[in-house]
Structures are given as structure tokens and as C-alpha cells.
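Enquirer: Sequence:
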Amino acid sequence: MGFTLVELLIALVLIVIIVVLLFSGLRLGSRAWESVETISDQVSELRFAREFVARSWRSQREVQVTLDDGQRQQVFAGDAQQVEWVAPLSAHVGIPGLYILRLTLETADRDRQRLVLTRWLLHPDVLAGGDGDYPAWTPLALATAEAAGADGDLDQDLAAGGYGRTLLLPDVGEFELAYFGVRSGELAGDTAASWGAEWLEQPHPPQAISLVLTTPSQSWPANVIVLPGAAVQTTATLTNEVSK
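If you read the sequence shown in this note's numbering, its first letter stands for residue 441, the second for the next number, and so on.
No lab work stands behind these hints: they were computed from the structure.
A portion of the hints provided could be inaccurate.
Unchecked claim - Just the calculated beta-carbon pair ranges, DEER-fashion:
1) SER530 x GLY636: 29 to 37 Å
2) SER624 x ARG487: 33 to 41 Å
3) PRO656 x ASP508: 37 to 45 Å
Think of the CB as a built atom: it goes at the ideal place given N, C-alpha and C, for glycine as much as any other residue.
Please build the complete structure, drawing on both the sequences and the hints.
Expert: This is how it looks when you write it as C-alpha cells:
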């Protein structure tokens with residue numbers, strides 16, 4: 441018993457419809473999987489940047505260096521968009537030891553900003569610069585964009601790893617810093633610690649730092665990191681002060 445031409449055409453049409461539905465489902469599933477992977481990568485990048493910065497601040501060291509004019513300069517300094525401190529790094533960066541770390545928000549293009557970490561090994565030869573290969577270190581309050589190496593290549597390691605610039609977050613939505621502590625030059629008798637958007641030309645590091653760091657697609661609450669050795673009241677008090 442054979443099939444008529446009409447029956448064959450109907451069967452072919454049904455087969456085509458089934459194949460189209462199957463491929464549509466596979467394409468939809470593939471797109472959903474790619475979207476999940478993209479979101480996961482973005483969350484991982486943001487989490488890594490926040491955790492690295494927080495961990496480094498918790499191991500921050502109070503260090504002073506001697507400038508060319510013979511004056512002693514406290515390394516720690518920062519404002520709302522950049523901060524500099526001293527902390528140890530492990531051997532995976534090249535040379536283990538104490539580094540001056542500078543976290544800055546740089547403009548990648550007109551519609552995107554990136555978070556970059558620049559590091560100098562705390563050694564006179566590295567801090568003096570590399571004869572044009574990499575910039576000499578200058579205190580954050582005195583540094584220009586060129587001195588900070590903002591135009592240099594990212595993810596580069598020079599001076600046997602003693603100097604480098606690393607891209608921590610390629611696309612930043614919001615980045616804001618605040619500092620908690622007692623500042624020199626406050627009104628006489630006013631020794632209460634307070635929050636402020638700057639910590640410049642101070643004889644000591646702050647007691648805590650507030651970090652707001654997000655991406656255009658991922659938000660995250662502010663993180664308050666208490667620096668080592670800080671004589672603060674409680675973390676809860678600091679958090680309450682940030683929210684005011």
C-alpha cells in the first residue's frame with residue numbers, strides 16, 4: 441500500500457515543523473545559558489575586585505617614606521575616586537614584599553570607566569622609576585595622571601615584577617570612597633572621629649574606609665573595612681555613620 445503525493449507533502453511539512461521547533465528550543469536554551477554565563481562572569485569580576493581591595497586594606501601597613509626634600513611623608517592618602525596605601529603582596533606578582541598600591545578610576549572611553557591598581561615595590565630603586573620604562577612614585581596628593589601611569593599598558597609587570605598595572609574591573613558603574621577617623625587640624629578640643637570624602641596630608645591612616653563599587657549591571661551595598669590597629673568603637677557604629 442503506497443502513499444499519495446498529498447500524504448507525503450503533509451508528512452514533510454510536519455517533519456519540517458518539528459525540526460524548526462527543536463532548533464528554536466535549542467537556540468533559546470543556548471542563549472539562556474550564554475546569558476547566565478555572562479552574568480556569572482560579571483558577578484565574579486565584581487566580587488573579586490571588592491574582596492581583593494578589602495583584604496588588602498585589612499593588611500594595610502602604616503609607612504612613611506623620605507621625599508627628595510628630606511621630609512617624611514605618610515604614604516596613605518585618598519579622596520572619593522582614588523586611594524593609596526601600603527600592603528604586602530605574595531610572590532605571584534614577581535617579588536614578594538611590601539608594595540605601595542594605588543587604586544584609581546580611569547576613563548576607558550567616553551561611555552565606560554575602569555578600576556586600575558598600580559603597584560610599586562617599596563624599594564628605593566623601584567620608587568625612583570625605570571628610566572622611562574615605568575614612572576617613579578610620587579605621593580598621591582602630588583601625582584599627575586602621567587606620573588601615576590594612567591596612560592601606560594595594563595596587566596604589565598616591569599622591574600622583575602616590582603612595578604605593575606592591573607585591571608581590576610573593566611566596566612565600573614559606581615565607585616566612591618569615604619574615610620573615617622580623627623583628622624589633624626580639626627578644631628581644638630574636637631577629637632571625635634568622623635567620615636569624610638578625603639584623607640590627604642594626614643600623619644596617620646584612617647580608622648576605616650567605606651567602599652561603594654558596582655558595575656552597570658550589578659549593584660552591591662557599601663562595604664566598611666576597618667583598618668588594622670584602628671581604635672574604633674564598633675563596626676556597627678561605623679555602618680550607621682555611613683548611612684547618614
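Enquirer: Going through the numbered hints above, which ones does this structure break? Give me the numbers in ascending order.
Expert: Result: no hint breaks.
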